[in-house]
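Protein chains: 2
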Amino acid sequence: MLELGDRIAVTKDGVRREGVLMPSVSGRVVIKMESGYNAGFDPERSVVELLARGKALKVPPPPPLPRSEGLPKVSILSTGGTIASKVDYRTGAVTSQFSAEEIISSIPELLEIANYEGKVIYNILSENMKAEYWQVLARAVGSEIEKGAAGVIITHGTDTMTYTAAALSFMVKTPVPIVLVGSQRSSDRPSSDAAMNAISAARVATTDIAEVTVVMHGSTSDDFCLVHRGTRVRKMHTSRRDAFRSINQHPIARVLYPSRDLEILGDFRRRGEVELEVNDRLEPRCALVKYFPGGSPDLFEECIAAGYRGIVLEGTGLGHVASDWVGSIKAATDAGVPVVITSQCLRGRVCDRVYDTGRDILAAGGIEGGDILPEVALVKLMWALANTGSVDEAEAVMKISLAGEISASTPTTV
Amino acid sequence: MLELGDRIAVTKDGVRREGVLMPSVSGRVVIKMESGYNAGFDPERSVVELLARGKALKVPPPPPLPRSEGLPKVSILSTGGTIASKVDYRTGAVTSQFSAEEIISSIPELLEIANYEGKVIYNILSENMKAEYWQVLARAVGSEIEKGAAGVIITHGTDTMTYTAAALSFMVKTPVPIVLVGSQRSSDRPSSDAAMNAISAARVATTDIAEVTVVMHGSTSDDFCLVHRGTRVRKMHTSRRDAFRSINQHPIARVLYPSRDLEILGDFRRRGEVELEVNDRLEPRCALVKYFPGGSPDLFEECIAAGYRGIVLEGTGLGHVASDWVGSIKAATDAGVPVVITSQCLRGRVCDRVYDTGRDILAAGGIEGGDILPEVALVKLMWALANTGSVDEAEAVMKISLAGEISASTPTTV
Numbered sequence: 001m002l003e004l005g006d007r008i009a010v011t012k013d014g015v016r017r018e019g020v021l022m023p024s025v026s027g028r029v030v031i032k033m034e035s036g037y038n039a040g041f042d043p044e045r046s047v048v049e050l051l052a053r054g055k056a057l058k059v060p061p062p063p064p065l066p067r068s069e070g071l072p073k074v075s076i077l078s079t080g081g082t083i084a085s086k087v088d089y090r091t092g093a094v095t096s097q098f099s100a101e102e103i104i105s106s107i108p109e110l111l112e113i114a115n116y117e118g119k120v121i122y123n124i125l126s127e128n129m130k131a132e133y134w135q136v137l138a139r140a141v142g143s144e145i146e147k148g149a150a151g152v153i154i155t156h157g158t159d160t161m162t163y164t165a166a167a168l169s170f171m172v173k174t175p176v177p178i179v180l181v182g183s184q185r186s187s188d189r190p191s192s193d194a195a196m197n198a199i200s201a202a203r204v205a206t207t208d209i210a211e212v213t214v215v216m217h218g219s220t221s222d223d224f225c226l227v228h229r230g231t232r233v234r235k236m237h238t239s240r241r242d243a244f245r246s247i248n249q250h251p252i253a254r255v256l257y258p259s260r261d262l263e264i265l266g267d268f269r270r271r272g273e274v275e276l277e278v279n280d281r282l283e284p285r286c287a288l289v290k291y292f293p294g295g296s297p298d299l300f301e302e303c304i305a306a307g308y309r310g311i312v313l314e315g316t317g318l319g320h321v322a323s324d325w326v327g328s329i330k331a332a333t334d335a336g337v338p339v340v341i342t343s344q345c346l347r348g349r350v351c352d353r354v355y356d357t358g359r360d361i362l363a364a365g366g367i368e369g370g371d372i373l374p375e376v377a378l379v380k381l382m383w384a385l386a387n388t389g390s391v392d393e394a395e396a397v398m399k400i401s402l403a404g405e406i407s408a409s410t411p412t413t414v
Numbered sequence: 001m002l003e004l005g006d007r008i009a010v011t012k013d014g015v016r017r018e019g020v021l022m023p024s025v026s027g028r029v030v031i032k033m034e035s036g037y038n039a040g041f042d043p044e045r046s047v048v049e050l051l052a053r054g055k056a057l058k059v060p061p062p063p064p065l066p067r068s069e070g071l072p073k074v075s076i077l078s079t080g081g082t083i084a085s086k087v088d089y090r091t092g093a094v095t096s097q098f099s100a101e102e103i104i105s106s107i108p109e110l111l112e113i114a115n116y117e118g119k120v121i122y123n124i125l126s127e128n129m130k131a132e133y134w135q136v137l138a139r140a141v142g143s144e145i146e147k148g149a150a151g152v153i154i155t156h157g158t159d160t161m162t163y164t165a166a167a168l169s170f171m172v173k174t175p176v177p178i179v180l181v182g183s184q185r186s187s188d189r190p191s192s193d194a195a196m197n198a199i200s201a202a203r204v205a206t207t208d209i210a211e212v213t214v215v216m217h218g219s220t221s222d223d224f225c226l227v228h229r230g231t232r233v234r235k236m237h238t239s240r241r242d243a244f245r246s247i248n249q250h251p252i253a254r255v256l257y258p259s260r261d262l263e264i265l266g267d268f269r270r271r272g273e274v275e276l277e278v279n280d281r282l283e284p285r286c287a288l289v290k291y292f293p294g295g296s297p298d299l300f301e302e303c304i305a306a307g308y309r310g311i312v313l314e315g316t317g318l319g320h321v322a323s324d325w326v327g328s329i330k331a332a333t334d335a336g337v338p339v340v341i342t343s344q345c346l347r348g349r350v351c352d353r354v355y356d357t358g359r360d361i362l363a364a365g366g367i368e369g370g371d372i373l374p375e376v377a378l379v380k381l382m383w384a385l386a387n388t389g390s391v392d393e394a395e396a397v398m399k400i401s402l403a404g405e406i407s408a409s410t411p412t413t414v
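The listed protein sequences correspond, in order, to chains H and A. Heads up, the first sequence is in the UniProt record's numbering, so the first residue is 1 and it goes up one at a time. Heads up, the second sequence is in the UniProt record's numbering, so the first residue is 1 and it goes up one at a time.
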């Protein structure tokens with residue numbers, strides 16, 4: 001009988017991998033490999049071999065959280081992801097179940113900044129995120145703020161973190177900081193960014209920056225984290241720790257490390273400026289369609305036929321698609337399906353009045369996305385369609401800034 | 001009767017615009033506005049008013065091109081775009097019909113570098129580019145090289161220039177430089193990049209860099225152009241002159257301006273290393289599908305139903321899509337439709353072995369795209385499906401580098 005912590009080999013489809021047997025909630029055989037990564041295997045289709053007995057890994061009950069007089073109260077909501085893992089130094093294993101208590105006990109600096117309440121909202125792979133999870137999360141955030149949290153930290157997988165940040169930006173008007181944080185490398189790897197990101201997130205959660213922000217490494221040198229507006233940030237690298245970049249806008253601030261000094265870089269809404277308001281309705285049937293040369297409008301038309309209620313087009317350059325798409329755009333908007341025009345360049349603004357194609361797209365009812373990111377336009381469209389009385393109102397909302405996601409002019413240096 | 005060069009006002013749908021009447025081949029009324037941009041109007045749906053007579057604009061026949069002994073022969077192929085426009089300084093108007101003679105006569109420095117042959121291949125808006133135009137262009141390039149060109153320059157609209165560069169990279173094995181160049185601002189605007197880009201392109205066309213490259217501004221200071229490998233470059237800003245950036249690889253070189261000194265930054269294939277070979281077959285029924293949280297696999301499945309022969313998936317992070325897409329990927333690959341996995345992060349490499357979802361995608365037959373750009377993967381898939389004997393061979397080709405588009409490791413600093 002295998003025990004957690006045992007060193008085993010798993011062979012599947014002719015490939016053999018060695019590692020330490022890990023806790024698993026999915027029924028799969030999960031091992032921690034030399035690389036630091038976990039691998040999971042279907043036990044029905046794998047051959048498992050015991051290599052050496054480890055010390056039995058028993059997950060201890062979390063210690064009670066210490067409290068310090070005079071520190072603000074911050075809520076930590078966990079949704080899963082690499083940061084929601086904590087190494088067990090006796091076995092080298094990473095526990096797959098997160099608790100705020102565990103993350104805090106492994107990063108003692110956090111206790112200098114605030115007192116914490118932890119809650120697991122769900123534990124999913126970030127790529128499985130969807131609109132209904134954003135709604136659950138928005139309500140949970142609202143509830144923590146109602147209960148008096150001075151700030152809310154959300155731990156999140158990095159793959160779709162910026163989509164979630166945008167969704168919360170539109171759903172929650174907040175009088176306190178709401179900070180999303182994750183890590184690109186799990187905490188058992190020497191290069192892990194988990195601790196520094198978490199400490200910086202806690203710092204931001206206790207500042208005056210009462211917006212939805214993403215706090216992640218700003219460089220690869222462990223010297224500062226950047227504080228990005230939730231509607232202006234994008235994951236721009238698959239693996240680097242400083243993958244997150246503000247697009248078309250400077251970051252709001254940076255947190256120096258290890259001093260935790262805050263350097264303000266841009267404007268922000270201050271603590272207490274607005275009352276808490278959670279508008280958690282979303283229209284999930286919205287699609288993001290990326291144009292490519294020679295792309296046929298048939299896939300675009302299929303969105304309409306399939307009942308999508310809104311479409312964001314990621315065009316080339318200034319937001320252009322081929323001339324033969326214009327008729328399909330008109331058909332969509334005639335059918336009451338808004339079409340928002342954005343650019344696959346990501347940086348800069350769409351400007352559809354300059355060339356013939358752009359003017360034709362506008363004449364067909366396309367909505368100029370300005371300098372909004374395509375992914376943010378998608379989330380905003382989901383929100384706008386569900387929180388306005390008509391498609392016309394939703395279209396009007398798409399043209400104005402609700403949460404700093406679009407601006408009349410774009411700085412040329414970002 | 002209006003004459004070219006007249007100052008007119010055009011009112012359409014209640015909007016009035018003033019400008020100089022321009023030559024037009026499309027039957028539309030084209031004016032050059034104060035902003036420097038052209039606008040075209042349907043004469044049936046516009047009211048035109050004469051404001052002031054201009055000097056009649058007669059396009060003079062192009063002067064014969066001067067030839068200098070001892071300079072290499074370079075072909076300039078025009079496909080349209082902002083760079084294929086030349087200001088007439090008498091009227092402020094921009095002629096919409098390009099000839100190599102005209103571009104050369106407006107940029108005399110070009111004559112210090114080479115002797116030129118010019119040819120208009122077509123004159124289309126870059127967003128209307130498609131596979132069959134790439135094929136025409138590949139054959140035209142091949143023909144120029146066969147006729148002894150020491151280098152080929154292709155002027156191109158910037159929106160889809162990098163797709164074309166990728167297509168030529170796969171279709172043409174070249175013993176001489178093939179350089180794509182464009183401009184972000186037309187040559188009558190004070191900030192135009194047309195002349196400096198064209199001069200730098202001519203410089204590269206006479207060097208030893210026998211690859212398909214894109215030559216565009218490297219900064220906003222008019223001090224150098226970058227030479228990007230055709231399979232590693234992306235337009236990363238809608239309007240900046242230095243919009244083009246090498247991704248996951250350093251540029252091959254830069255051309256200092258105005259000295260025209262060449263600084264080599266990376267490896268490249270040298271002049272004469274390979275024989276000319278044009279393999280211009282393409283399978284145009286390939287699609288690029290961008291994943292987003294909550295995205296239903298129905299649109300992906302629709303690609304299969306609609307007869308697409310290959311699909312590039314732009315996943316999140318390391319190349320992930322939601323678990324409920326895995327079955328659709330398997331259905332596609334079972335049906336002989338290759339599915340290539342790339343990342344919407346753009347930078348970095350997909351690595352589908354780390355997390356469960358990634359391994360499931362690979363088990364379902366997904367092909368790891370390494371550090372290839374999604375757009376380049378699309379073009380390569382079109383080429384691979386048409387130039388190999390089977391889907392299996394095409395899939396094998398997708399995993400190896402044909403033109404520097406994919407590498408075993410990615411530098412962390414790009």
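Derived from the structure by calculation, the hints contain no laboratory data. None of these values were measured; they are calculated from a predicted model. It is possible that some hints are incorrect.
It does not matter which identical chain is used: a pair holds within one copy or between any two.
Straight-line distance between alpha carbons at most 25 angstroms, and here's what the computed DSS-like set of lysine-lysine pairs gives [what the hints assert, rightly or not]:
1. Lys330 with Lys147
2. Lys330 with Lys12
3. Lys119 with Lys399
4. Lys12 with Lys73
5. Lys147 with Lys173
6. Lys330 with Lys73
7. Lys130 with Lys119
8. Lys399 with Lys147
9. Lys330 with Lys130
10. Lys399 with Lys173
11. Lys119 with Lys12
12. Lys330 with Lys119
13. Lys73 with Lys399
For each hint, the structure was consulted:
For a Cα distance limit of 25 angstroms, the shortest separation of Lys330 from Lys147 qualifies neither inside one copy, at 48 angstroms, nor across copies, at 47 angstroms. With identical chains, the CA atoms of Lys330 and Lys12 are at most 25 angstroms apart between copies only, with a shortest distance of 19 angstroms across copies and 52 angstroms within one. In this assembly of identical chains, the alpha carbons of Lys119 and Lys399 never lie at most 25 angstroms apart, being 36 angstroms within a copy and 43 angstroms across copies at closest. Neither within a single protomer nor between protomers do Lys12 and Lys73 lie at most 25 angstroms apart by alpha-carbon distance, with minima of 47 angstroms and 60 angstroms respectively.
In this assembly of identical chains, Lys147 and Lys173 lie within 25 angstroms of each other by CA distance solely inside one copy; the values are 16 angstroms within and 67 angstroms between copies. With identical chains, the CA atoms of Lys330 and Lys73 are never at most 25 angstroms apart, being 52 angstroms at best within one copy and 48 angstroms at best between copies. For the identical chains of this complex, Lys130 and Lys119 are intra-copy neighbours only, at 20 angstroms inside a copy versus 52 angstroms across copies, given an alpha-carbon limit of 25 angstroms. In this assembly of identical chains, Lys399 and Lys147 lie within 25 angstroms of each other by CA distance neither inside one copy nor across copies; the values are 34 angstroms within and 54 angstroms between.
For the homomeric pair Lys330 and Lys130, the shortest alpha-carbon distance between copies (22 angstroms) is at most 25 angstroms, but the shortest distance inside one copy (29 angstroms) is not. For the identical chains of this complex, Lys399 and Lys173 are intra-copy neighbours only, at 19 angstroms inside a copy versus 47 angstroms across copies, given an alpha-carbon limit of 25 angstroms. Proximity of Lys119 to Lys12 under the C-alpha cut-off of 25 angstroms is found in neither arrangement, the shortest distances being 36 angstroms within a copy and 59 angstroms between copies. Taking identical chains as interchangeable, the C-alpha atoms of Lys330 and Lys119 are never at most 25 angstroms apart, the minima being 47 angstroms within one chain and 37 angstroms between chains.
Taking the shortest Cα distances, Lys73 and Lys399 never come within 25 angstroms of each other, neither inside one copy (37 angstroms) nor across copies (51 angstroms).
Of the hints listed earlier, those the structure fails to meet are numbers 1, 3, 4, 6, 8, 11, 12, 13, in rising order.
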